[in-house]
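Residue numbers (UniProt numbering), protein chains in the order written: chain A, 1 to 243; chain B, 1 to 243; chain C, 1 to 243; chain D, 1 to 243.
Don't read these hints as lab results, they were simulated from the structure. Possibly wrong hints are sitting among the right ones.
Just so you know, same-sequence chains aren't split out, so a pair can sit in one copy or run between any two.
[What the hints assert, rightly or not] Listed below are the simulated SDA-like cross-link pairs for lysine to any residue, each with C-alpha atoms no more than 25 Å apart in a straight line: (1) K111 - R219; (2) K107 - A141; (3) K127 - T47; (4) K107 - E85; (5) K107 - W121; (6) K127 - A234; (7) K127 - E150; (8) K107 - N233; (9) K107 - G94; (10) K127 - G42; (11) K107 - I83; (12) K107 - D160; (13) K24 - D51; (14) K111 - D77; (15) K127 - L237; (16) K24 - D3; (17) K127 - I240; (18) K127 - E78.
Protein chains: 4
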Amino acid sequence: MSDRVRVTVWNEFRHERHNAEVAKVYPEGIHRALQAGLSAYGFDIGTATLDEPEHGLTADRLNDTDVLVWWGHQAHDEVDDAIVERVQQRVLQGMGLIVLHSGHYSKIFRKLMGTSCALKWREADEKERLWVVKPSHPIAAGLPEYFELEREEMYGEHFDIPDPDELVFVSWFEGGEVFRSGATFSRGQGKIFYFRPGHETYPTYYNEPVLRVIANAVRWAASERGAAPFYGNAQPLEPIAGK
Amino acid sequence: MSDRVRVTVWNEFRHERHNAEVAKVYPEGIHRALQAGLSAYGFDIGTATLDEPEHGLTADRLNDTDVLVWWGHQAHDEVDDAIVERVQQRVLQGMGLIVLHSGHYSKIFRKLMGTSCALKWREADEKERLWVVKPSHPIAAGLPEYFELEREEMYGEHFDIPDPDELVFVSWFEGGEVFRSGATFSRGQGKIFYFRPGHETYPTYYNEPVLRVIANAVRWAASERGAAPFYGNAQPLEPIAGK
Amino acid sequence: MSDRVRVTVWNEFRHERHNAEVAKVYPEGIHRALQAGLSAYGFDIGTATLDEPEHGLTADRLNDTDVLVWWGHQAHDEVDDAIVERVQQRVLQGMGLIVLHSGHYSKIFRKLMGTSCALKWREADEKERLWVVKPSHPIAAGLPEYFELEREEMYGEHFDIPDPDELVFVSWFEGGEVFRSGATFSRGQGKIFYFRPGHETYPTYYNEPVLRVIANAVRWAASERGAAPFYGNAQPLEPIAGK
Amino acid sequence: MSDRVRVTVWNEFRHERHNAEVAKVYPEGIHRALQAGLSAYGFDIGTATLDEPEHGLTADRLNDTDVLVWWGHQAHDEVDDAIVERVQQRVLQGMGLIVLHSGHYSKIFRKLMGTSCALKWREADEKERLWVVKPSHPIAAGLPEYFELEREEMYGEHFDIPDPDELVFVSWFEGGEVFRSGATFSRGQGKIFYFRPGHETYPTYYNEPVLRVIANAVRWAASERGAAPFYGNAQPLEPIAGK
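Chain A on its own, in the form it takes in the complex (with noise of 0.2 Å):
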């Protein structure tokens, strides 16, 4: 038995298969150039898709995942409210998920999230420079103090999501706009990073320091854990008076 981690890398995979400039950017999906991008690091990587049977998302899939990264975008609304639920459960009980991109209008994180996490956006091919905020922080293990993206689409404030436990970057961008890029969240036992970058028509997934940010995020969340706690009825610790 392996003690590597075991890594799903879901994508909705719908641009690349219809999209001619998306097919051009990621030929094989978004799924296999983060797989293959991630190789490097030492993990176990599966993917899945939405056309899947179960959306690839099995039980036992997930139960044999220790961190799902999630990508979607045109077809949030395809994804089975039940299948959302079997993720929800399996994060809760300490799977990690890393929401990329357009992933934050999934059904999944604005479940887990409680807001809309809405935001502003703009395609405009313009540059990106995120910021590390919290260098202490594993998630910015081996990075510099900012990187860049020549061009991306623009995400900007307010980002409609409850507080982060930890704010690691906040991005700059070209047209005038700030965002808090990556932030982390912790639900139940699991933990959850997201992370901004990543528009279909650019190459970002195969930019260095983007796959680094993915890898750290994925040891981070794969982190051993305390026990289950019980939940429900439970009998005194301690004598209590006149009992």
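Based on the hints, put chains B, C and D in the right spot on chain A.
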């Protein structure tokens, strides 16, 4: 037009009508006890209950509410999903929400938290002592460093909530448990406070420090806020190179 | 006796007396500009400056101050350590503290933060745009979702502060940086707000949104709080087995 | 060159030499007990004590330390301010710091927190039960949902610290108090963990869950981080209008 804070106290109002023990403590219902107890604080206070049409929470009613106080227990499942959605939207737009005691398991609280909101519990007439752990917080205004409830239901950790924005109270229980019993959250433009005490068989909502906490929380949650953000496709504020 | 918030605006007051460019912008000093600008908000506002005896911060003066506003820059080292200690003690007892701009490097702010409070800076007449990232916060009350300063000194990340309790503003700068420009902290019973804008050569403290932020912060920091805790050797509140 | 984490356990080492009761529990000193107890976890562990030259904390020694563990009690005032400053600088540069028990009142902890770090205490042989309140945290790895110490000194709230980044443990005490007994902070590039248990008259540092917590915290604090930021006068990264 008044600038008084407009409060709606929502109560399931079932125990009080069907259980003689509870009726003795709250003959007119928990909502009436809270309405009376909070009246000294200068709010405009209305009530709403589960068995009213739309549970008393029409769109107009919610639009005229600055802060909603929520008590529910045995009939969480009977709250209509469409009304829960309506309340969530109003919270995201800025309505305050104070969730009391067994309301931890209400649909609205779980929806806003994204977790199971599960916990340990025990009905054993035990003493609860609430310690202030953030004395600078306005919800602690005017309180001593701790206060006691002679008999309450026990709620124990682990409490499956996201990390609070701010933790104001931690409870000690006679039987050996601790609990994060006063916790703040923000969701969208709305502020949320969870407050633990208030089992239906105890006269908790006649207790002065308990009422003071709820009144403080109402004021805190009703405070003025920033403008509603624009979400969606945004024009650039600065020139973008090559455009 | 008034229940108005008692504010003391502390200013180093050196640039304005020795630099003609600054004197043109703030002929009577930054403290007088702030006193005038905040007067519309209904506070009792006094001032104090470095070259007064005890820097104008006698024990009596601090005891009569609900919220202290701090601007300093070139003479941080001339602030007496004993006065810094006195201010820290008052903050821990509940006095609010609003630290402005170059006050990030003041002895009092570094002492309360425990970090270097270092940052990047540049004087280049560049545009700053402040985005509200927590619109539910009372410090954002009445503000639009962003506001601009046509020319300011740049402050850039990494800003070496502890993680704020709450992050209210993030700045975008024309030259390519971002900055956590509005951040809250609590220390003891005192509330602290750091607010970035205010280089001495720009008319920043005549700007309406800037004044509104400072006024909001004063109100937030002056709010009532819980009782002063007892520290030290404590008697048991419950029987201890075998005693 | 090893990639093992390099730990230095610092101990005041006075009680053990001058108090027979303590010497019986820790005949070679608390630092030796910790060194032995942590040895199973695969760290390179050295020790340092107050009465060594420079308290055993030379610049070279600190530069070769990834994580410093600190126990002190009766002689906090004898720790040289210059050494405290040196330790603080190393923390800001990325050295981890684990502060144990009465170390809450050490100069280094107070300097990094900015508060009094005061608390309630009582020596009465009472039971402490530590509850995990953030089971997703790596410091809780491998722990049950609570663990007990049959006899310990009581520490009670209010504990005058800044709001922790993350709260991992809350203690219940037999005599009626609660305490935030495991709390994380970050300062600069360094990570800090405060852990409550460890009064010198009890065999706490032979307890397996206690050692596990400290070992988990060492690993957490030693994790790789982002690049050292540049602080100071910075060149623009983007063109500034009119320049």
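To see whether the hints hold, each was checked on the structure:
Taking the shortest Cα distances, K111 and R219 sit within 25 Å of each other inside one copy (24 Å), while across copies they are farther apart (29 Å). In this assembly of identical chains, the alpha carbons of K107 and A141 never lie at most 25 Å apart, being 30 Å within a copy and 30 Å across copies at closest. With identical chains, the CA atoms of K127 and T47 are never at most 25 Å apart, being 30 Å at best within one copy and 45 Å at best between copies. For the homomeric pair K107 and E85, the shortest alpha-carbon distances inside one copy (9 Å) and between copies (15 Å) are both at most 25 Å.
Proximity of K107 and W121 under a CA criterion of 25 Å is satisfied intra-copy only: 19 Å inside one chain copy versus 31 Å between copies. Proximity of K127 to A234 under the C-alpha cut-off of 25 Å is restricted to the inter-copy arrangement: shortest distance 16 Å between copies versus 55 Å within a copy. Proximity of K127 and E150 under a CA criterion of 25 Å is satisfied in both settings, with 5 Å inside one chain copy and 22 Å between copies. Only between protomers do K107 and N233 lie at most 25 Å apart by alpha-carbon distance; the minimum there is 20 Å, versus 32 Å within a single protomer.
Taking the closest pair of Cα atoms, K107 and G94 come within 25 Å of each other both inside a single copy (19 Å) and across two copies (22 Å). Taking the closest pair of Cα atoms, K127 and G42 never come within 25 Å of each other, the shortest separation being 31 Å inside a single copy and 45 Å across copies. Proximity of K107 to I83 under the C-alpha cut-off of 25 Å is found in both arrangements, the shortest distances being 10 Å within a copy and 20 Å between copies. Within a single copy, K107 and D160 get their C-alpha atoms as close as 14 Å, and across copies as close as 21 Å, so both meet the 25 Å cut-off.
In the homo-oligomer, the alpha carbons of K24 and D51 lie at most 25 Å apart inside one protomer (21 Å), although the nearest pairing across protomers, at 58 Å, exceeds that limit. When the C-alpha separation of K111 and D77 is checked against a cutoff of 25 Å, the pair qualifies both within a copy, at 13 Å, and between copies, at 18 Å. Taking the closest pair of Cα atoms, K127 and L237 come within 25 Å of each other only across two copies (11 Å); inside a single copy the shortest separation is 59 Å, beyond that limit. When the C-alpha separation of K24 and D3 is checked against a cutoff of 25 Å, the pair qualifies neither within a copy, at 36 Å, nor between copies, at 42 Å.
For the homomeric pair K127 and I240, the shortest alpha-carbon distance between copies (8 Å) is at most 25 Å, but the shortest distance inside one copy (64 Å) is not. With identical chains, the CA atoms of K127 and E78 are never at most 25 Å apart, being 32 Å at best within one copy and 43 Å at best between copies.
Hint compliance for this structure: hints 2, 3, 10, 16, 18 are broken, all remaining hints hold.
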